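**Student:** Sequence:
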Amino acid sequence: MTEDREQRVAGERTPDMAVGLFGPRSSVRAMVVAGKAILARNPRRAVRFLPGGHNDLAEARDRYERLADRIDAAVFPGPMHYDLAREAGYVSVPASYVRLSGAALYSTLLRGRVHDGLDLTRISIDSLSRESVWEAYAEIEVPSTGVHCLPYSDPASAQEFGDFHRPLLKSGTVTMALTTILSVEQQLRAEGFPVMRIRPTPATVREALETAVLLGRGTRLEGQQIAMLAVQMISEGSRASNSGYWQQEASLSVHRMLLEEARKVGATVTCRGDGQFGLITTYGGLDALTSHLQHAPFVTSARQQLGLPLAVGIGVGHTARDAEANAYAGLDAALERRGEVAIYVDGGETQVVLSASAPHMNAAPAGDQSRAAHVLERIIAVHPGADQPLVVDVEDVSAALRVTDRTGRRMLRQLVEAGLAWPLPAQPSPAGGRPRLQFRLLPDKIPPETLSG
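Using full-length UniProt numbering, the letters of the sequence shown correspond one by one to residues 1 to 453.
Derived from the structure by calculation, the hints contain no laboratory data. Each hint should be verified, as a subset may be incorrect.
What follows is a set of in silico ranges between Cβ atoms, one per label pair, in the way DEER data are often shown [claimed, not checked]:
#1 Asp116 to Ser26: 12 to 22 angstroms
#2 Arg303 to Pro43: 33 to 43 angstroms
#3 Arg303 to Ser92: 37 to 47 angstroms
#4 Asp405 to Gln247: 35 to 45 angstroms
#5 Arg44 to Ala156: 42 to 52 angstroms
#6 Arg45 to Asp119: 37 to 47 angstroms
#7 Gln304 to Gln247: 14 to 24 angstroms
#8 Ala381 to Leu57: 35 to 45 angstroms
Computed from a prediction, not measured in an experiment: that's the story for all the values here. Beta carbons are placed, not taken as given, at the ideal position from N, Cα and C, and that holds for glycine.
Sequences are here, hints too, so could you generate the full structure?
**Tutor:** Take a look at the structure:
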């Protein structure tokens, strides 16, 4: 109880918004320290960090439910605890988690080398992807042929971590095990094996909390979501073949330009390396950056100011993980088009391509017609027995397509612009307030060439 009381003071003077911190107590203590550092930098921020640490996973749900009605967002110490909570179905607010980034691996390797004389060439590492480990070793110019990895894919994969490390340690193939899971560290240590836990850096923890604050703001605004933009600089022929100096200069210029643009909407920018950047903002910020999802952000500026092509992926979601996954799905699609576009993904089956300049208002392009026709077909498929003109509202569309009301409203606007829906006179709401907007769908207006096969 004393420990909880000591942790609860983080941000207690600013109670307008609350973020719950969940996970093992040692991880939650680190998050509380990060929360205090955030508030110390800006004491006027209206944020309160509420700890919900547990001693074992059996307590996790109970600790969450004690705070559930008092928080606007949640943070978990890593992907495993986040996934377990999601699978158990008790997460009731937008959630983020602390990323097991390359910085955590660098920090652990340095700590092991300095304090324990760790042989970096003979270790086993769980949770982290092989690619990230090989990249880290290449960066520090240490051979990685004797390094064994088992990445995290889902909570079930974490159950195999102990059995992964144990035979390698017994045989002497490796001299140390590196794990991100506290229970694995405790088991191996109890059996007398050398083991170290990979811990996120304070900066990484603060980044997760800052993301949660953005998510929390979204829960207080109607239709608000977290939005992420993945931006990739595309190297062009002759210049790309030069030394890395040009690449570094170009990356710095793009980073500076993105910072200037992001500052206008309160977005945060992170450099992901190799000419790739990430931006985190709210849906309102995304709306401003894209002129209501009408054109691709940054693409024209980069071409005019720097002479560089960019590819942009835009993702939204109720969690940072969903938004990031959607953003990178959009980025992959934009890269297939060799950039100069942004592709918006919100978890539905459709993708919206945003061109570098605002589209003409006279008529919908053929691509827009095709997308609108596909959306209309999906809506009608949910009502197979309809034998009369189908009338829907925003809630009907969002429920049918499993998207947010804001996205449903945007899709209805696309249908109207494509001539596939007709707005009806507003109907007064029985409970008062804003009139209910309804639309009559016009499937007979679908151009034959856009019909699904």
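**Student:** Each hint should be assessed against the structure and marked as holding or not.
**Tutor:** Results of checking the hints against the structure:
The given range of 12 to 22 angstroms is respected by Asp116 and Ser26, whose C-beta atoms sit roughly 20 angstroms from each other. For Arg303 and Pro43, the Cβ-Cβ distance of about 42 angstroms falls inside the hinted range of 33 to 43 angstroms, so the restraint holds. The hinted window of 37 to 47 angstroms between Arg303 and Ser92 holds, with their beta carbons roughly 44 angstroms apart. At roughly 43 angstroms, the beta-carbon separation of Asp405 and Gln247 lies within the given 35 to 45 angstroms, and the hint holds.
Range check, Arg44 to Ala156: Cβ separation about 44 angstroms, and the 42 to 52 angstroms hint holds. At roughly 44 angstroms, the beta-carbon separation of Arg45 and Asp119 lies within the given 37 to 47 angstroms, and the hint holds. One distance hint, 14 to 24 angstroms for the beta-carbon pair Gln304 and Gln247, holds here, with the actual separation near 21 angstroms. Look at Ala381 against Leu57: about 41 angstroms separates their beta carbons, and that is inside 35 to 45 angstroms.
Going through the hint list in order, the structure satisfies each hint without exception.
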